[in-house]
Amino acid sequence: MSDNNDVVIVNLDRPRELRFGHKALKRLSAVTGKGMDDMVEDEIDFKQLEEIFFYGLERDAREHNETLTMDQMEDILDCAESYAYLMAKMTEALQKATGNLTGNGQPAGKTVNQPNPSRGTGRNR
Numbered sequence: 001m002s003d004n005n006d007v008v009i010v011n012l013d014r015p016r017e018l019r020f021g022h023k024a025l026k027r028l029s030a031v032t033g034k035g036m037d038d039m040v041e042d043e044i045d046f047k048q049l050e051e052i053f054f055y056g057l058e059r060d061a062r063e064h065n066e067t068l069t070m071d072q073m074e075d076i077l078d079c080a081e082s083y084a085y086l087m088a089k090m091t092e093a094l095q096k097a098t099g100n101l102t103g104n105g106q107p108a109g110k111t112v113n114q115p116n117p118s119r120g121t122g123r124n125r
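Position 8 of the sequence shown, counting from 1, maps to 8 under full-length UniProt numbering, and the rest follow consecutively.
Hints were generated in silico from the structure; no laboratory data involved.
Worth double-checking, as some hints may not be accurate.
[Unchecked claim] Result set (DSSO-like, lysine-lysine): computed pairs, CA atoms no more than 30 Å apart in a straight line:
#, residue 1, residue 2
1, Lys-34, Lys-96
2, Lys-47, Lys-89
3, Lys-96, Lys-26
4, Lys-34, Lys-47
5, Lys-89, Lys-26
6, Lys-26, Lys-47
7, Lys-89, Lys-34
8, Lys-96, Lys-23
9, Lys-47, Lys-96
10, Lys-89, Lys-23
[Said to hold, decoys possible] Restraint ranges, calculated between C-beta atoms of paired labels, are given here:
#, residue 1, residue 2, range
11, Thr-91, His-64, 21 to 29 Å
12, Gly-99, Asp-71, 26 to 34 Å
13, Asn-5, His-64, 16 to 24 Å
14, Glu-92, Lys-34, 14 to 22 Å
15, Asn-65, Gly-33, 28 to 36 Å
16, Gly-99, Thr-69, 29 to 37 Å
17, Ala-84, Arg-14, 18 to 26 Å
In this text the structure is predicted, and so the values were computed from the model without any measurement.
The C-beta atom is built at its ideal place from N, Cα and C for all residues, glycine as well.
All chains should be built: construct the whole structure from the sequences, respecting the hints.
Rendered as structure tokens:
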């Protein structure tokens, strides 16, 4: 692999490659209705966190002959050491995907906001 690798390894149920290529970013934007700047600036709820990781992990799942579904994301993300870890890995992968630039071509000085528990988890318990 090259030194300009856009893959971030995230330790979940197994080490997985978190990558946001064009296809993943396009699908994520369509589902969330948010552009890249919006994802960086807006608070993210737990359901959105699952969606972001789902699209970032799809390629890894295909390469391991797995069929990843959104229903699996709760259990997969529960394997992480902490939410801080998930947020750091997600931010790192999104920054690698965008070359650390915001939509106006300026270096990104922002980080993705933490999930807001008051907005719900997206699951029924």
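Hint check results:
no. : hint                        : in the structure
1   : Lys-34 x Lys-96             : holds (18 Å)
2   : Lys-47 x Lys-89             : holds (17 Å)
3   : Lys-96 x Lys-26             : holds (16 Å)
4   : Lys-34 x Lys-47             : holds (14 Å)
5   : Lys-89 x Lys-26             : holds (19 Å)
6   : Lys-26 x Lys-47             : holds (18 Å)
7   : Lys-89 x Lys-34             : holds (20 Å)
8   : Lys-96 x Lys-23             : holds (15 Å)
9   : Lys-47 x Lys-96             : holds (23 Å)
10  : Lys-89 x Lys-23             : holds (19 Å)
11  : Thr-91 x His-64: 21 to 29 Å : holds (24 Å)
12  : Gly-99 x Asp-71: 26 to 34 Å : holds (33 Å)
13  : Asn-5 x His-64: 16 to 24 Å  : holds (18 Å)
14  : Glu-92 x Lys-34: 14 to 22 Å : holds (19 Å)
15  : Asn-65 x Gly-33: 28 to 36 Å : holds (32 Å)
16  : Gly-99 x Thr-69: 29 to 37 Å : holds (30 Å)
17  : Ala-84 x Arg-14: 18 to 26 Å : holds (20 Å)
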